[in-house]
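**Q** So you can see what is in the structure, the chains are spelled out below.
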Amino acid sequence: MFRPKTRYVALPSPRAGVGEEIDRLICPKCDTSLEPARLTAALGVCYRCGYHFRLRAPERIAMLVESGSFREEDQGITATDVLGFTDSQPYVNRIEQSRATTGANEAVTWGEAMLGGHRVVLVVLDFAFMGGSMGAATGEKITNGIERAAQGRLPLLIISASGGARMQEGMLSLMQLAKTSAALGRLGAAGVPYISLLTDPTMGGVTASFASLGDVIMAEPGAMIGFAGARVIQQATYETLPDGFQTAEFLLAHGMIDLVVPRPELPAALRQVLDLYAPTGTAPDLQLQRQVKTVAPAPAVTR
Amino acid sequence: MSDNGSVAAATWEQVELARHPDRPYALDYIHAIFTNFLELHGDRVFGDDQAIIGGPASFDSRTIMVIAQQKGRTTAERAMRNFGMANPEGYRKALRLVRQAERFEFPIVAFVDTSGAFPGAGAEERGIAWAIAENLVALSAARIPILTLVIGEGGSGGALGIGVGDRLLMMEHSIYSVAMPEACASILWRDIAKKVEAADALKLTAADLKRLGLADEIIPEPPGGAQNDYGLAADAAAAALRRHLKSLEAIDTDQLVEERYQRYRKIGATP
Numbered sequence: 001m002f003r004p005k006t007r008y009v010a011l012p013s014p015r016a017g018v019g020e021e022i023d024r025l026i027c028p029k030c031d032t033s034l035e036p037a038r039l040t041a042a043l044g045v046c047y048r049c050g051y052h053f054r055l056r057a058p059e060r061i062a063m064l065v066e067s068g069s070f071r072e073e074d075q076g077i078t079a080t081d082v083l084g085f086t087d088s089q090p091y092v093n094r095i096e097q098s099r100a101t102t103g104a105n106e107a108v109t110w111g112e113a114m115l116g117g118h119r120v121v122l123v124v125l126d127f128a129f130m131g132g133s134m135g136a137a138t139g140e141k142i143t144n145g146i147e148r149a150a151q152g153r154l155p156l157l158i159i160s161a162s163g164g165a166r167m168q169e170g171m172l173s174l175m176q177l178a179k180t181s182a183a184l185g186r187l188g189a190a191g192v193p194y195i196s197l198l199t200d201p202t203m204g205g206v207t208a209s210f211a212s213l214g215d216v217i218m219a220e221p222g223a224m225i226g227f228a229g230a231r232v233i234q235q236a237t238y239e240t241l242p243d244g245f246q247t248a249e250f251l252l253a254h255g256m257i258d259l260v261v262p263r264p265e266l267p268a269a270l271r272q273v274l275d276l277y278a279p280t281g282t283a284p285d286l287q288l289q290r291q292v293k294t295v296a297p298a299p300a301v302t303r
Numbered sequence: 001m002s003d004n005g006s007v008a009a010a011t012w013e014q015v016e017l018a019r020h021p022d023r024p025y026a027l028d029y030i031h032a033i034f035t036n037f038l039e040l041h042g043d044r045v046f047g048d049d050q051a052i053i054g055g056p057a058s059f060d061s062r063t064i065m066v067i068a069q070q071k072g073r074t075t076a077e078r079a080m081r082n083f084g085m086a087n088p089e090g091y092r093k094a095l096r097l098v099r100q101a102e103r104f105e106f107p108i109v110a111f112v113d114t115s116g117a118f119p120g121a122g123a124e125e126r127g128i129a130w131a132i133a134e135n136l137v138a139l140s141a142a143r144i145p146i147l148t149l150v151i152g153e154g155g156s157g158g159a160l161g162i163g164v165g166d167r168l169l170m171m172e173h174s175i176y177s178v179a180m181p182e183a184c185a186s187i188l189w190r191d192i193a194k195k196v197e198a199a200d201a202l203k204l205t206a207a208d209l210k211r212l213g214l215a216d217e218i219i220p221e222p223p224g225g226a227q228n229d230y231g232l233a234a235d236a237a238a239a240a241l242r243r244h245l246k247s248l249e250a251i252d253t254d255q256l257v258e259e260r261y262q263r264y265r266k267i268g269a270t271p
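Line by line, the protein sequences give chains A and B.
For the first sequence, our numbering puts the final residue at 303, and the numbers step up evenly by one.
For the second sequence, our numbering puts the final residue at 271, and the numbers step up evenly by one.
Think of the hints as simulated: they come from the structure by calculation, not from any bench.
All figures in this text were calculated on a predicted structure; none of them were measured in a lab.
Among the hints, erroneous ones may be present.
[Unchecked claim] So the derived list for chain A, only partly shown, Cβ under 8 Å to chain B, looks like this:
1. 63
2. 67
3. 69
4. 75
5. 87
6. 151
7. 152
8. 181
9. 207
10. 241
11. 252
12. 254
Each residue gets a CB set at the ideal place from its N, CA and C atoms; glycine is no exception.
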């Protein structure tokens with residue numbers, strides 16, 4: 001029997017095929033067979049158990065920003081194979097596959113948008129593009145976004161979903177940790193707020209750089225967040241890991257994040273933070289936008 | 001193919017030299033190069049991590065702040081040092097020393113030698129990633145000169161957590177990598193036996209980093225490696241540290257910090 005076990009909801013690319021062919025989705029957590037239309041209406045949250053499916057960057061953006069307000073930047077920046085890296089297959093092939101699957105040039109999409117009545121810089125990582133890994137081009141786009149936020153004094157929202165550094169780019173990848181963190185240091189010194197939203201999964205070098213540096217850190221329920229993977233820890237230490245290890249709830253209990261926010265409540269939570277932290281004068285049309293944004297969030301997928 | 005194989009084998013030799021058990025560790029360099037080293041202890045939050053050590057020391061006529069990753073030589077010391085793999089406390093102790101160095105205007109000399117931050121449940125519970133990220137911010141903005149010297153293994157974010165600075169110097173047979181070859185092989189090849197191929201593909205030798213424009217200088221080691229003559233290795237390191245420190249101290253502080261920002265900003269920048 002064909003039982004697709006995808007953690008994603010509604011893959012949008014026709015070339016990927018998956019989203020088109022299946023008419024039922026199986027929840028990886030409660031094993032319920034889900035109707036895609038209902039799941040989509042529920043913003044990709046299992047209507048039985050609350051499991052949060054992973055979202056692609058375009059879906060995430062559509063769900064959060066005011067309709068038509070997202071202006072994407074750096075769309076043309078794409079990964080390059082500086083090291084000539086080949087593992088089981090050449091890195092250039094992996095890049096091409098990810099581009100074909102996602103329709104994007106990199107694992108991150110950024111631009112300015114209106115969100116909760118505020119003009120913000122929005123940076124969204126996409127786990128479907130090489131596991132959301134951070135290569136040089138990824139780090140460049142993220143840093144461009146951070147610097148735009150600093151220059152324009154616009155609040156910054158980064159939504160993370162990443163396995164960490166991109167090994168195929170070696171040290172050029174690792175140095176993006178320093179680059180993005182240095183830029184966030186300047187943003188913080190300038191008094192521009194940064195909200196970090198951690199989604200499933202956020203691991204490795206991304207957690208050890210920009211993802212954990214938010215003035216306010218939120219996470220979606222059940223998201224796996226950490227530095228070393230559970231398997232690596234078990235191999236290294238033979239430790240028995242506690243239940244719920246490295247989940248958003250675990251991190252909240254250990255004082256590492258501020259809030260666990262279910263997906264349907266994200267627009268309201270983000271707006272509350274923006275209202276509290278956004279420097280005055282950053283949103284001249286604040287009042288007008290407030291009136292607009294009193295409706296429920298847009299559906300996860302707009303086709 | 002045999003050509004690629006021999007190149008890979010040569011790279012693997014570098015990895016083994018960087019990990020040589022008789023190789024000088026941070027304290028060997030510290031005692032050879034500096035005087036009056038006063039080791040400070042503890043992060044003032046949770047504990048004292050022996051995998052990262054540090055404190056002020058005299059170098060020529062000035063005080064500098066040492067921050068270093070320290071591996072153990074004997075079995076007991078290896079256990080005490082946790083094989084040079086730091087927990088969050090180590091990074092938070094380092095942060096405390098960075099803040100202190102800024103306050104007293106001590107230049108920082110950081111010795112990198114770790115296979116990575118410690119992958120443990122406690123490290124995760126106490127926010128290892130948070131500790132490293134805080135250090136990246138603090139080091140990138142610190143208003144004092146910072147020299148980073150990789151003496152053995154530079155392993156991933158765990159190395160970078162004390163490794164952001166104005167100059168990156170590497171001992172001739174040291175390595176610095178986004179992931180250790182074994183980890184990379186097990187993730188990308190799904191076969192740890194492919195560590196030799198992974199090491200070659202990662203471009204992790206001192207010469208590779210120099211070629212990529214990431215390392216500023218390679219410090220020559222005695223024939224066969226630093227383990228053969230600690231004195232010669234330390235002398236070469238001291239000369240390079242002295243020279244780079246002198247040039248950094250001549251730079252106005254605002255410019256120094258701006259140049260450090262641009263140093264990282266341009267890595268991977270689109271033309």
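**Q** Against chain B, with CB atoms and a cut of 8 Å, does the hint on residue 181 (chain A) hold up?
**A** holds, 4 Å
**Q** Do the numbers back the hint for residue 87 (chain A), that is, is its least Cβ distance to chain B under 8 Å?
**A** holds, 4 Å
**Q** Was the hint right that residue 241 (chain A) lines chain B, CB cutoff 8 Å?
**A** Hint holds; residue 241 (chain A) Cβ to chain B Cβ min 6 Å, cut 8 Å.
**Q** With a cut-off of 8 Å on the beta carbons, see whether residue 254 (chain A) makes it to chain B.
**A** holds, 5 Å
**Q** Please verify that hint: residue 151 (chain A), Cβ, nearest Cβ of chain B, below 8 Å or not.
**A** violated, 14 Å
**Q** Checking hints one by one. Is residue 252 (chain A) an interface residue toward chain B, by the C-beta closer than 8 Å rule?
**A** violated, 12 Å
**Q** Please verify that hint: residue 152 (chain A), Cβ, nearest Cβ of chain B, below 8 Å or not.
**A** Status violated, d = 18 Å.
**Q** Just to be careful: measuring from the Cβ of residue 69 (chain A) to every Cβ in chain B, is the smallest value less than 8 Å?
**A** violated, 26 Å
**Q** Next item in the hint list is residue 63 (chain A). Is there a CB on chain B closer than 8 Å to its CB?
**A** With Cβ-Cβ at 26 Å, over 8 Å, it is violated.
**Q** Would the hint on residue 75 (chain A) be counted as holding, given a Cβ-Cβ threshold of 8 Å to chain B?
**A** Residue 75 (chain A) check fails; min Cβ-Cβ to chain B is 12 Å, beyond 8 Å.
**Q** With a cut-off of 8 Å, does the beta carbon of residue 207 (chain A) approach a beta carbon of chain B closely enough for the hint to hold?
**A** holds, 4 Å
**Q** Residue 67 (chain A) was flagged as interface toward chain B. Is the shortest Cβ-Cβ separation under 8 Å?
**A** Since chain B brings no Cβ nearer than about 30 Å to residue 67 (chain A), farther than 8 Å, the hint is violated.
Going down the numbered hints, you'll see the structure goes against 1, 2, 3, 4, 6, 7, 11, while the others check out.
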